Amino acid sequence: MKYKIAYIDESPFWINTFYQTFKDEYDIMKIKVESNCSIDEILSILKDDELDAIVTDYLLEEEGDVSFNGNIIVDAVRAYKPHFPIIMLTAHEPQAINHMDDVHIIYGKNILDGESEDELLLFKTKMKSNIDNYYTKIQDTHFKIENLITKRQKEGLDSMEEEELSKLFILLDELEPEGKGLPTNLAQKESITKLHEFVSEAKDILEQLKKINKK
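Heads up, the sequence shown is in the numbering used here, so the first residue is 281 and it goes up one at a time.
Please note that a few of the clues may not be correct.
Computed cross-link-like contacts, SDA-like style, restricted to lysine to any residue with a CA-CA straight-line distance of at most 25 Å [as the list claims (entries may be wrong)]: (1) K424 to E442; (2) K361 to K404; (3) K389 to I352; (4) K303 to E330; (5) K389 to E443; (6) K389 to K447; (7) K447 to E426; (8) K408 to L326; (9) K361 to D329; (10) K408 to A286; (11) K310 to E321.
Beta-carbon label-pair distances, calculated as ranges [to be verified]: (12) I352 to E330: 16 to 26 Å; (13) T405 to K284: 16 to 26 Å; (14) S347 to A371: 14 to 24 Å; (15) E443 to I352: 17 to 27 Å; (16) P457 to E435: 40 to 50 Å; (17) E442 to S347: 43 to 53 Å; (18) K327 to N378: 26 to 36 Å; (19) H384 to Y299: 37 to 47 Å; (20) D393 to E444: 45 to 55 Å; (21) Q433 to L401: 45 to 55 Å.
No wet-lab data here; the hints were simulated from the structure. Note that the structure is predicted; figures quoted are calculated from it, not measured. In this text, a Cβ means the ideal position worked out from N, Cα and C, and glycines have one as well.
Work out the full structure, taking the sequences as your base and the hints as a guide.
Right, here's the structure in full:
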């Protein structure tokens with residue numbers, strides 16, 4: 281089964297170029313940015329279409345007649361799913377770098393021009409690894425939570441293990457905010473209700489600390 285990637289651009293040429301380059305490896309959803317597009321609409325696609333990654337152009341204002349560029353899309357996706365695979369592919373790298381916190385996700389569109397097979401192969405490898413690692417992180421988090429909960433029910437956890445479990449629940453909420461993350465057999469146990477309450481309190485404390493640090 282192919283991974284599903286959304287490619288966001290205002291240019292039909294680059295949308296078609298990306299599609300032709302990656303159609304054999306991925307299921308490509310083509311999103312042409314036009315005047316009626318919004319950040320909420322793009323986030324809705326991410327939530328509803330079970331995407332595995334997003335690739336976006338940077339300079340969407342160039343022809344798309346919108347009030348945002350790709351960096352705003354990146355910020356919105358990261359706010360919703362901090363660990364979700366997202367890549368910026370742009371012909372305006374210097375501008376993108378000046379408006380991005382994470383410059384490591386920025387790549388030049390020249391890799392699609394067919395001039396360097398090695399660069400394209402490296403990009404494809406990185407993109408697939410990014411998605412693979414995302415799902416590995418989800419699986420590892422599930423596994424660690426299940427092990428700690430099993431131990432908690434059988435023999436109890438020490439304070440460090442309780443803290444680790446709380447952090448894992450917070451991480452799981454970031455990875456899968458839709459609430460799919462917790463296995464059904466665990467979600468029905470009474471002890472998990474208390475842990476969810478604790479995690480909710482921990483998030484509130486973290487938010488308060490962030491506000492204090494900004495002052």
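Taking the hints in turn, this is what the structure says about them:
1. K424 to E442: Holds, at roughly 12 Å.
2. K361 to K404: 22 Å, holds
3. K389 to I352: 19 Å, holds
4. K303 to E330: 18 Å, holds
5. K389 to E443: 44 Å, violated
6. K389 to K447: 38 Å, violated
7. K447 to E426: 14 Å, holds
8. K408 to L326: Holds, because 18 Å separates the two Cα atoms, which is no more than 25 Å.
9. K361 to D329: 15 Å, holds
10. K408 to A286: 14 Å, holds
11. K310 to E321: With a Cα-Cα distance of about 14 Å, the restraint between K310 and E321 holds, given a limit of 25 Å.
12. I352 to E330: 16 to 26 Å: Since I352 and E330 have Cβ atoms about 23 Å apart, the given range 16 to 26 Å holds.
13. T405 to K284: 16 to 26 Å: 19 Å, holds
14. S347 to A371: 14 to 24 Å: 20 Å, holds
15. E443 to I352: 17 to 27 Å: 35 Å, violated
16. P457 to E435: 40 to 50 Å: 32 Å, violated
17. E442 to S347: 43 to 53 Å: Distance hint for E442, S347 holds at roughly 46 Å.
18. K327 to N378: 26 to 36 Å: Because 30 Å falls inside the window, the suggested range holds.
19. H384 to Y299: 37 to 47 Å: For Y299 against H384, whose Cβ atoms are near 25 Å apart, the range 37 to 47 Å is violated.
20. D393 to E444: 45 to 55 Å: Holds, since D393 and E444 (Cβ atoms, about 47 Å apart) stay within the stated range.
21. Q433 to L401: 45 to 55 Å: 48 Å, holds
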